[in-house]
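A.B. asks: Join the two chains into one complex using the hints; note that each chain is given alone, in its own frame.
Line by line, the protein sequences give chains E and F. The first sequence lines up with residues 1 to 143 when you count with this note's numbering. The second sequence lines up with residues 1 to 671 when you count with this note's numbering.
Honestly, I wouldn't trust all of these hints.
[What the hints assert, rightly or not] Straight-line alpha carbon distances no greater than 30 Å define the calculated DSSO-like cross-link-like pairs of lysine-lysine that follow: (1) K435(F) - K34(E); (2) K16(E) - K74(E); (3) K31(E) - K648(F); (4) K648(F) - K34(E); (5) K16(E) - K122(E); (6) K617(F) - K526(F); (7) K513(F) - K483(F); (8) K526(F) - K620(F); (9) K32(F) - K379(F); (10) K642(F) - K475(F); (11) K642(F) - K122(E); (12) K231(F) - K8(E); (13) K426(F) - K526(F); (14) K126(E) - K8(E); (15) K139(E) - K642(F); (16) K139(E) - K122(E); (17) K483(F) - K617(F); (18) K69(E) - K648(F); (19) K69(E) - K139(E); (20) K63(E) - K642(F); (21) K31(E) - K483(F); (22) K139(E) - K108(E); (23) K588(F) - K379(F); (24) K426(F) - K374(F); (25) K108(E) - K122(E); (26) K13(E) - K511(F); (27) K69(E) - K642(F); (28) K122(E) - K63(E); (29) K379(F) - K462(F); (30) K63(E) - K648(F); (31) K32(F) - K139(E); (32) K126(E) - K139(E); (33) K570(F) - K526(F); (34) K588(F) - K617(F); (35) K529(F) - K483(F); (36) K387(F) - K117(F); (37) K379(F) - K435(F); (38) K513(F) - K462(F); (39) K117(F) - K32(F).
Just so you know, these hints were derived from the structure itself, not from any lab.
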Amino acid sequence: MVSSTTTKYVTFKLDKEFYGIPIENVLSIEKTSKTTRIPNSPDYIHGLLNLRGNVIPIIDLRKKLGMNKNNIDKNSRIIVINENEIIAGLMVDSSSEVLEIDTNNIDKPPKADGNNFMEYIKGIGKTSDKLLILLDLIKILEH
Amino acid sequence: MDLDLNQYISLFIEESREHLQNMNEALLDLEKDTTNISLINEIFRVAHTLKGMSGTMGFTNMANLTHEMENVLQEARNDEVELTEGIIDILFECFDLLDESVNYIATNGEENDNEHKELVQKLKVILNKDKDIANKDETCNTKKRILDEFVLNVAREALEKELNAFTIDITLSENCMLKSARSFIIFNTLESMGDIIYSNPSAEDIEDEKFDLDFSIAYITKADEKTLMEKLNNISEIEDIKIDKIDVDNITSSDKEDSNRNHNKSKENSYVPKKSLVKNDKSKTNKKNNRIGKTVRVDIERLDNLMNLVSELIIIRTRMNDLSEISNNDNMTEAIEYLERITTSLHDSVMKVRMVPVERVFNRFPRMVRDLSKELNKKVNLEMQGKDTEVDRTVIDEIGDPLIHIIRNSLDHGIEIPEVREKLGKPREGNLTLKAYPDGNNVVIEVIDDGGGIEFDKIRNKSIEKGIITEQESKLLSEEELKSLIFEPGFSTSEKISDISGRGVGLDVVKNKIESINGSIELESKVDKGTQFIIRIPLTLAIIQALLVRLRDEIYAIPLSSITEITNVKEDDIRNIQDQEIVLYRDKTIPVVRLDALMGLDSDDPTDEYIVVVVRKGEKQSALLVNDLIGQQEIVIKPLGKYLSNIKYLSGATILGNGNISLILDVNSLV
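Chain F extracted, bound-state conformation (with noise of 0.2 Å):
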């Protein structure tokens, strides 16, 4: 059995994973609004779905716990207990208690053994407190309940026919491991004897296991109760097996009143012939069928290899668009234009496949807002835009950690607590923004708080005592230098360390990893007014709109997302200042590079006028002195490779349409 069940866990993770992350977000809404019955609703549909999941998967402990918050949130839906913070804690632990269940059952494949019997309890303490017995009647009245109207004529006329009617309750044996499966099975016997007119719950529940461990049936067959009792024990895994014969003329005569009354409630449990089981609750599933139907799950290698093919693709299209242009043939230079149109959007299309909303980073902030304040002792609103912003699946999984240290120094550093707040005239909640917006080829994410700001006095003196720069160093350094000292490795302001940050790694980490997938970070901040920190992330790592320029006989490409403009420059304007070349361009001096020298090639080729590409790294300039400019062009970034991973001034190479291959610029740092 463990074998078979093992290659589900995947699946079961992920999908456990998809679950408890609309828990976590409609758990924190309902604590914002505690009478919310739709969001109650919510929590209680995942508790409940992951119940079903986990039972199948014998992860029992997970089960139990998922069943007693569903009990708690029923009573909660039928107003019987009122949704204290203390509560909503509770639900919380529950939360955290069942990621964890997850995690440690993805990397063990086998279930934990903590302390989820201490919740159990405690939301078991929740209900005493308030249950109401008269639940307890209801549970006996179910049986009677079960015979409607429907079932007693189809009785009726069952025992006119001389067959029999009976009721079967069934109870599964509680380590049974797939009951839908087993309850299936009981089916099956069932009508190649007979007829199941109906069954409770309904047979589309059972097969979605949404029961406990009991169901009855009412059926009509030929044989007489014993042969029947003698197949059903043939099934194994079944605990209790009750056959009772319907009695019609007793039963209609005592509870014809009831049946009418409880008519209304039949709808719920679904009492349907056997020929309309499945079509049963038809809205139901629909809706359910919809959601699953939408989307399907698909190893993120294939996606890569078909991001692979598309590449190559369009080298060859632009190989045959180099073709065209030589043959000259106008059928042919059709032909390929449609080409490149189908080839492009073909690109956009797997691009799209491999997008993710940065929903999926942004998702696991607030709780971490909500627990951090809570600690800190501070009150902080949250505020998310630009959720739906899409980016790369290779770039969203390098922002979490970035992003998560940013947020954590704004909310220890940044915001003050009430009191102080209160002091300077600020509200005594904190603002914190997260705001993702696409900005052509990047992704920009702004973190943003209403805190304290950075005192750039407090970054001089910090530096100094670290032993980073110099006293002298310090007095001749503009805000914007202090600014990137920040980023500084063993750099941190804080005057004590505590958890959450200040222990000096930070924000040298966050810099280095995004700079690793080309991003950029830059720092806004006023003193007590707020910090704001500016990501700037590319979309994908893959494929870029880059310009293709000439220095001598080689050709190198520029990601065009980073060059800011082009211009000539004539020979005089360079002018050197302690021999750095710089050049006066719409009032700003910007340092020169001299491209064709720094690529080990001859320059003794003065020319009075060049052609100069201006790039840029965040707000630092530099004016690319290039040969020739070929075009733009979208080119398939190939990596280096480890074998090259220390040559300078390179971040990878392109294959051209004529096969050739050209490298790519590294602006970072030629900045």
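This is chain E alone, in the form it adopts within the complex (with noise of 0.2 Å):
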């Protein structure tokens, strides 16, 4: 094939696996710090950051991707991302480098059926060293 095209990915990982977004989403990558819970919100949602004057969602994403609680530790982050008109932080263990992934290198997500959690996934992006896993981001922002 000689028509390929490359996209960017911020990577960032949860529990063992690594997994990646567009980096045209990603408005910046914070350290976590306060934040304000929201009541009566989807157990997904963290809560409420004062990112320097802006009031932005938190969503915890190992709960929305249906993993297990870990603790917030120094390792970590926010990415704040903007799709769709909407600004949202996910919160993730730590997050890496930025890698560039050719469309030819993209799978297509495995087949399981009875996983509910599969439809947040676009795709398996495959690198030299890793896959990663890239998240559908305007499903991700679905209740």
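C.D. replies: Okay, here's the thing in structure tokens:
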């Protein structure tokens, strides 16, 4: 295949796996700080964060993806994303480098019946040394 | 050329709308008092300005129409035409067409080709009926008249110095776009070779494009006629040039009397030597400049940005305030108090800049009421009070449609036709009153009519018919509850559906709209006496006074405007009726809301006394139980955003002085 384009992904870690979201959706990466609990909200909404005078909702990505709870530590990061006019923060275990992935090196997500969390995955990106789970932000931001 | 003009279109549209608004008001007043010269003058002035503006922009249809309007009004001014109802109606039609044209231009960037010709014809017919032919003589005489003694003296002197004196008549071509610019070039060309001693119309008027296509100049120069002609011919967009030598002797002998007689007139035509051209008509220009100098148009985004910055400043001020209490340094406290005063007045000033009088919304109502009452064959007198009450512009954009709905309702269903009114012993003319006044952090707008009022039985039957309630339910409803049914979707009591209202879309939309901006709407009505709608809207949507309360270890903000009272209540006073806790307070039973439980916090901490914040929404009240009061504070409302729009009981968030976020309780959903 001659025609190929590359997309840059911001990568981060949840448990042992690496995840990626397109860099054009990422506004910034922040350290965690005090958030305010939102009563009567879904459990995956961690709270509200004061980000330099702006109030943004923080999504606990582990909970959203149906994973076990992990304590917030000094490696925890908030990735502030912008998708379809919604600005929100995704809480992740740690964040690492930006990777460039050729569209030819992206596979379709594996078919898994009965796994409700598969819909959040857009594809699997392959690089020389790791596999990246590419997230569908539109789905992540749906309630 | 098109490209150049495009950047002026938005300005043109805004200014035109302003002028049209003035015209509308003047027309409405004129309808009541057709002999009022100053009103005719006002309309004339507006028509004239619009003509100039639309001419410059190349909107010829508008220019033609306003030109004809001007002609008619001119005649009216001179008592040559009597302003009959028919003529006023035509003027209203002109206004509508102009309004429509401006709107069309606003959306399409170019003029529409609508039936302006018909109206121009109508206007012309008015003129032809009454036109005095004597006018013609006047125009014939203009040329002689412009040569008054001053000019002749200068001309005479010039001739003595062996200079040439000319009168030059210039006609610009009809498709000339920027007449004033074109004339400016002509003036410049001429001035490079000699002196312009006067012009008719005056240089100022020419600059303001207050002329049709032609103007005359008296001119002294060394050059001869031929060179002049050549130079002027080089300038484009000139239709016709006529150069005549001033024959001093001839004119002085034959027209001396004439020029004297016309001296009075000359003031108006402003004969002035070149040097003072600029100062000419001083009083007039001054007045105009003042008007322009006092206002500045600012993009609303810039204001919003300014407002955001002030909001940030308030947050940081509160934070510094907290810090100063810890540091306990006198100088610091003093400085911060000063900072506090400044930020408060800065905030007030910025708020004021964003404020607009409700007049902006009210203005469209007189015409609407006039047209509707004509259509419905009703006689209605509209009274508007408190037009200068100011609200934030974010709010004002939202209240227009709800008000239109309510007024239409009042006219259609409320006020009866004159015959019925007479039978009921009311004056034939119905009254509709619009009242606006500030009330704390709110603005109240009342719409009051003295019409038929609302029959509650009718509401009852209608609601059963429409399936909103069952017959059984209807028997239990109080009058208050029946009233609120009117605001239910799909409700209309009108027997017949008309163009104006009664399609069942209306009051529920009105209510939603008003509640969406944190406002409320109430209804008072007495059969045969009339109906009163009371709309309460917040002054601004951005910054409010709030009471901070503590629930366990969380801090919440309650808008002060909805708090009626703060009190203590003993556990024993809280009664449980059918799973609904209530408290008897000031002889009223008020439902109790345990906020901590509602906010998902443990409430297993029984005390025998609670702090209660009583809030209200309209007539309804609720008693909110809180753990502690922290204090009153000015808070900046930050919206929760699209992602959290479905969260219950919250209307927004705010940032406290220590940088923490506190949630604002949505009182409307708690009551």
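A.B. asks: With reference to the structure, classify each hint as holding or not holding.
C.D. replies: Each hint, compared with the structure:
no.	hint	result
1	K435(F) - K34(E)	48 Å, violated
2	K16(E) - K74(E)	17 Å, holds
3	K31(E) - K648(F)	29 Å, holds
4	K648(F) - K34(E)	23 Å, holds
5	K16(E) - K122(E)	19 Å, holds
6	K617(F) - K526(F)	22 Å, holds
7	K513(F) - K483(F)	18 Å, holds
8	K526(F) - K620(F)	21 Å, holds
9	K32(F) - K379(F)	14 Å, holds
10	K642(F) - K475(F)	41 Å, violated
11	K642(F) - K122(E)	23 Å, holds
12	K231(F) - K8(E)	67 Å, violated
13	K426(F) - K526(F)	15 Å, holds
14	K126(E) - K8(E)	13 Å, holds
15	K139(E) - K642(F)	15 Å, holds
16	K139(E) - K122(E)	9 Å, holds
17	K483(F) - K617(F)	15 Å, holds
18	K69(E) - K648(F)	26 Å, holds
19	K69(E) - K139(E)	21 Å, holds
20	K63(E) - K642(F)	21 Å, holds
21	K31(E) - K483(F)	54 Å, violated
22	K139(E) - K108(E)	16 Å, holds
23	K588(F) - K379(F)	43 Å, violated
24	K426(F) - K374(F)	19 Å, holds
25	K108(E) - K122(E)	7 Å, holds
26	K13(E) - K511(F)	49 Å, violated
27	K69(E) - K642(F)	26 Å, holds
28	K122(E) - K63(E)	18 Å, holds
29	K379(F) - K462(F)	28 Å, holds
30	K63(E) - K648(F)	21 Å, holds
31	K32(F) - K139(E)	63 Å, violated
32	K126(E) - K139(E)	22 Å, holds
33	K570(F) - K526(F)	40 Å, violated
34	K588(F) - K617(F)	15 Å, holds
35	K529(F) - K483(F)	16 Å, holds
36	K387(F) - K117(F)	37 Å, violated
37	K379(F) - K435(F)	20 Å, holds
38	K513(F) - K462(F)	24 Å, holds
39	K117(F) - K32(F)	28 Å, holds
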